[in-house]
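Protein chains in written order, with our numbering: chain R, 6 to 487; chain Z, 6 to 487.
A couple of the hints might just be wrong.
When chains are identical, the list treats them as one kind, so a pair holds in a single copy or across two.
Derived BS3-like pairs (lysine-lysine); straight-line CA-CA distance at most 30 Å [said to hold, decoys possible]: (1) K158 - K25; (2) K321 - K153; (3) K385 - K340; (4) K50 - K153; (5) K153 - K274; (6) K197 - K207; (7) K385 - K348; (8) K207 - K483.
Note that these hints are calculated values from the structure, not bench results.
Protein chains: 2
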Amino acid sequence: MQSYDVNTLLQKGKDLALQKVTVNGWVRAFRSNRFIALNDGSTLKNIQIVVDFENFDENLIKQITTAASLRVQGEVVESQGKGQEIEIIAKDIKILGIANSDDVQETILQPKAHTLEKLREQAHLRFRTNLFAAIMRVRNSLMFAIHKFYNEKGFVYINTPIITGSDAEGAGEMFRVTNLDLDHIPRDEEGKIDFSKDFFGKSTNLTVSGQLEGEAAAMGLGKIYTFGPTFRAENSNTTRHLAEFWMIEPEMAFYDLDQNMDLAEEFLKYVITYAMEHCKDDLEFLTERFDKEQKQKPAEERSDLGLMERLNYVLKNKFVRLSYTEAIEILKESKPNKKGKFKYPIEGWGADLQSEHERYLVEKHFKMPVILFDYPQEIKAFYMRLNDDGKTVRAMDVLFPGIGEIIGGSQREERLEVLDQRIAQFGIDQEEIWWYRDTRRFGSVPHAGFGLGLERLVLFVTGMSNIRDVIPFPRYPKSAGF
Amino acid sequence: MQSYDVNTLLQKGKDLALQKVTVNGWVRAFRSNRFIALNDGSTLKNIQIVVDFENFDENLIKQITTAASLRVQGEVVESQGKGQEIEIIAKDIKILGIANSDDVQETILQPKAHTLEKLREQAHLRFRTNLFAAIMRVRNSLMFAIHKFYNEKGFVYINTPIITGSDAEGAGEMFRVTNLDLDHIPRDEEGKIDFSKDFFGKSTNLTVSGQLEGEAAAMGLGKIYTFGPTFRAENSNTTRHLAEFWMIEPEMAFYDLDQNMDLAEEFLKYVITYAMEHCKDDLEFLTERFDKEQKQKPAEERSDLGLMERLNYVLKNKFVRLSYTEAIEILKESKPNKKGKFKYPIEGWGADLQSEHERYLVEKHFKMPVILFDYPQEIKAFYMRLNDDGKTVRAMDVLFPGIGEIIGGSQREERLEVLDQRIAQFGIDQEEIWWYRDTRRFGSVPHAGFGLGLERLVLFVTGMSNIRDVIPFPRYPKSAGF
Numbered sequence: 006m007q008s009y010d011v012n013t014l015l016q017k018g019k020d021l022a023l024q025k026v027t028v029n030g031w032v033r034a035f036r037s038n039r040f041i042a043l044n045d046g047s048t049l050k051n052i053q054i055v056v057d058f059e060n061f062d063e064n065l066i067k068q069i070t071t072a073a074s075l076r077v078q079g080e081v082v083e084s085q086g087k088g089q090e091i092e093i094i095a096k097d098i099k100i101l102g103i104a105n106s107d108d109v110q111e112t113i114l115q116p117k118a119h120t121l122e123k124l125r126e127q128a129h130l131r132f133r134t135n136l137f138a139a140i141m142r143v144r145n146s147l148m149f150a151i152h153k154f155y156n157e158k159g160f161v162y163i164n165t166p167i168i169t170g171s172d173a174e175g176a177g178e179m180f181r182v183t184n185l186d187l188d189h190i191p192r193d194e195e196g197k198i199d200f201s202k203d204f205f206g207k208s209t210n211l212t213v214s215g216q217l218e219g220e221a222a223a224m225g226l227g228k229i230y231t232f233g234p235t236f237r238a239e240n241s242n243t244t245r246h247l248a249e250f251w252m253i254e255p256e257m258a259f260y261d262l263d264q265n266m267d268l269a270e271e272f273l274k275y276v277i278t279y280a281m282e283h284c285k286d287d288l289e290f291l292t293e294r295f296d297k298e299q300k301q302k303p304a305e306e307r308s309d310l311g312l313m314e315r316l317n318y319v320l321k322n323k324f325v326r327l328s329y330t331e332a333i334e335i336l337k338e339s340k341p342n343k344k345g346k347f348k349y350p351i352e353g354w355g356a357d358l359q360s361e362h363e364r365y366l367v368e369k370h371f372k373m374p375v376i377l378f379d380y381p382q383e384i385k386a387f388y389m390r391l392n393d394d395g396k397t398v399r400a401m402d403v404l405f406p407g408i409g410e411i412i413g414g415s416q417r418e419e420r421l422e423v424l425d426q427r428i429a430q431f432g433i434d435q436e437e438i439w440w441y442r443d444t445r446r447f448g449s450v451p452h453a454g455f456g457l458g459l460e461r462l463v464l465f466v467t468g469m470s471n472i473r474d475v476i477p478f479p480r481y482p483k484s485a486g487f
Numbered sequence: 006m007q008s009y010d011v012n013t014l015l016q017k018g019k020d021l022a023l024q025k026v027t028v029n030g031w032v033r034a035f036r037s038n039r040f041i042a043l044n045d046g047s048t049l050k051n052i053q054i055v056v057d058f059e060n061f062d063e064n065l066i067k068q069i070t071t072a073a074s075l076r077v078q079g080e081v082v083e084s085q086g087k088g089q090e091i092e093i094i095a096k097d098i099k100i101l102g103i104a105n106s107d108d109v110q111e112t113i114l115q116p117k118a119h120t121l122e123k124l125r126e127q128a129h130l131r132f133r134t135n136l137f138a139a140i141m142r143v144r145n146s147l148m149f150a151i152h153k154f155y156n157e158k159g160f161v162y163i164n165t166p167i168i169t170g171s172d173a174e175g176a177g178e179m180f181r182v183t184n185l186d187l188d189h190i191p192r193d194e195e196g197k198i199d200f201s202k203d204f205f206g207k208s209t210n211l212t213v214s215g216q217l218e219g220e221a222a223a224m225g226l227g228k229i230y231t232f233g234p235t236f237r238a239e240n241s242n243t244t245r246h247l248a249e250f251w252m253i254e255p256e257m258a259f260y261d262l263d264q265n266m267d268l269a270e271e272f273l274k275y276v277i278t279y280a281m282e283h284c285k286d287d288l289e290f291l292t293e294r295f296d297k298e299q300k301q302k303p304a305e306e307r308s309d310l311g312l313m314e315r316l317n318y319v320l321k322n323k324f325v326r327l328s329y330t331e332a333i334e335i336l337k338e339s340k341p342n343k344k345g346k347f348k349y350p351i352e353g354w355g356a357d358l359q360s361e362h363e364r365y366l367v368e369k370h371f372k373m374p375v376i377l378f379d380y381p382q383e384i385k386a387f388y389m390r391l392n393d394d395g396k397t398v399r400a401m402d403v404l405f406p407g408i409g410e411i412i413g414g415s416q417r418e419e420r421l422e423v424l425d426q427r428i429a430q431f432g433i434d435q436e437e438i439w440w441y442r443d444t445r446r447f448g449s450v451p452h453a454g455f456g457l458g459l460e461r462l463v464l465f466v467t468g469m470s471n472i473r474d475v476i477p478f479p480r481y482p483k484s485a486g487f
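Isolated chain R, as found in the complex (with noise of 0.2 Å):
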């Protein structure tokens, strides 16, 4: 008897009529003790078991309860209900594991409205309930179309390091990584931390980042992206922050700052056609919640957008693309600026832009996703291409409605004696990052990049707003657990 997941049997649909089937699957619900509706991850339908309960033991009707799991194996029928084309008629039922009601009832598994932050409190089992099913499966759809969209255009993945010696890059704090014994930290003979005993002989953190060495390898491959786990050990118990976050940073030999704008703009329409595209269902129902809960919020709060009008704006639109000094006119001579709404008000050139400036900009004023280029050297990277007027870095942001940043990237400084004057500029030892200093010295070329960080896109296509609910496991101040 051919097995088959939620998924198949749904897609397949009439096509299987009158076929016997087996399909296992955890209950959600049992109606009138004899509706099984059954969910076994693959989609967020449940297929309907029918269960003539005559023809079974009483026993067993009696351990078909929520959250249970059953091997059923039964026909498949055109379904006379409505809401679905299809349903099975149970011939033997098999309980694989029960659940007790009682224990149920403690857990999110109990179908009733709960908090998110419950959901979060049980981060082990929340992969069985709706929302948070429907999340992971737009997060995968989200990473395949990266890893796709990036193998069709012929670039190579690269794992760079996650424990690393340099701290040159300076995106954030970093959390140690040692295996000293801390009751008995070896020291020198001038009482200092001796980390030659370390495991790696050097002290050695968590990276921040993997801009530099996926630098170094697109020096010699041409393209290459990374896309592993990035951490920031800062203290900031928000909703837009994890201190374990996973980030996609593509580097490209020979781009310059446009064609780094062209790639980025390219790269988020197609993920997101392609979560679209292969999360309808998911979509719907994630779609239904956020009117819900903009419904909720008080009126300025709102937005204007649902979901899925969000998502297609950013794919019908093609972004602005305006330098800082524009932006800074443009919100200098805001209404907000004027009337001292903004938290921190723009006073003129130099400033350095907060989400509050940034959605402005693509909520209000232009009502589309703006990327800006050409910063202030002084509140960009050391590495970022120093323009002509010696004053603005080719550094870029692409802001997103609800988001703000979403991506930031720039094209590197290529040449070896201004990316020294700005090493030194910035306080960084030359030591320290010779290797890099090294892509340089032979055959250095024009090149660019940028970062993504996949939660906040996960968050932008989900609607979701506390990026703890887009992780399986978050990681954040007081928090490990799991």
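Fit chain Z to the supplied structure of chain R, relying on the hints for placement.
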């Protein structure tokens, strides 16, 4: 003027004849002041640029040296020479980055034979060598095939946590993750380290496996896989171990061990086939290298098969499936055992198999890949399903020629009462893994999964022998450079 990467140029070949194109790359060689071999990392092959030096400035010609980078505009013509279908007659050459010849001589960019050791010391530059670039392209191809395989089968890609507060898996020694100030470690009243002051409010480590979390995900989503970095703080300075490596761990609800073996075999054959189809040039090059290396070895250490033969032999043969008990019988009666040639003689049932035994079975006895299953429970992990004999567990190891164990997996213990016995037996704290036990409390189901170390697979496919040569920036004792 259309810009192409070298791979696309060579693929299109004569179709581009007489077209004007732009191509970028690094100089691999410059013969007779006339023929530049240009490479951009998109393929092993170079494109030949023909320079009529009388048409170019003498100073420019002087800068066309090994490792320098160029932008060339020119016309595609059919090549008169051997070894290439097309070449480009240069109309304009721009030096993007010079490469000082004296400096180049100090590096692995100097076109002569370098040791693998030397390549490792200059890991930031080895992306520009034919050998390492070929390995990276094969690795990339395998990684994409892995995602493609699971995606086509409806698996959900899950990112399990890298930083973990649990140490139940017991797969190996772990690295500590902390942001405590090691010069001022907070202590409680008893003088013990107060980890409640650490970032996560508890003692945390780098993961050794995502399996337990993967199981929780599979208990909701059905079929999942993880693919991420894992860590071992073991002081093993060998050619087979890394402190940081990438692992793929599929986990399937409703699968038994036989289905697990079927999946593992299909998976390995799929990804190897994919790499062979998509990396022909690179694998040809690596086969030549492998043959040369074999010839330098003493006869008794030589591989019976060439690299391509070895790959084909894995593809064409059905893997032998053999119980541990049968394997012990074979090994006990084997010549090397009787003649005392094994470093660890096999005396009888219960012995833990070493690499020498695994390789004997695969390379000498069966001359085929072997899947061993049903191991003594004492030598396997607590979560493996106990057989009715009460002695063995439903473990499986896939053994490959030249590599030994490439995959380890099992059917998991889904019966809570048996799991609890095993947890007690292994001295694990039930409280520690409350959430893992939970997955057996609410509709537990039979399930199975396995782990594949990516770098072991890359070793096998590329024919390399040191695992440090198949990952961009290897981490091992006393080494975390770059």
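To test your reading of the hints: which numbers does this structure violate?
As far as the earlier hints go, not one is violated by this structure.
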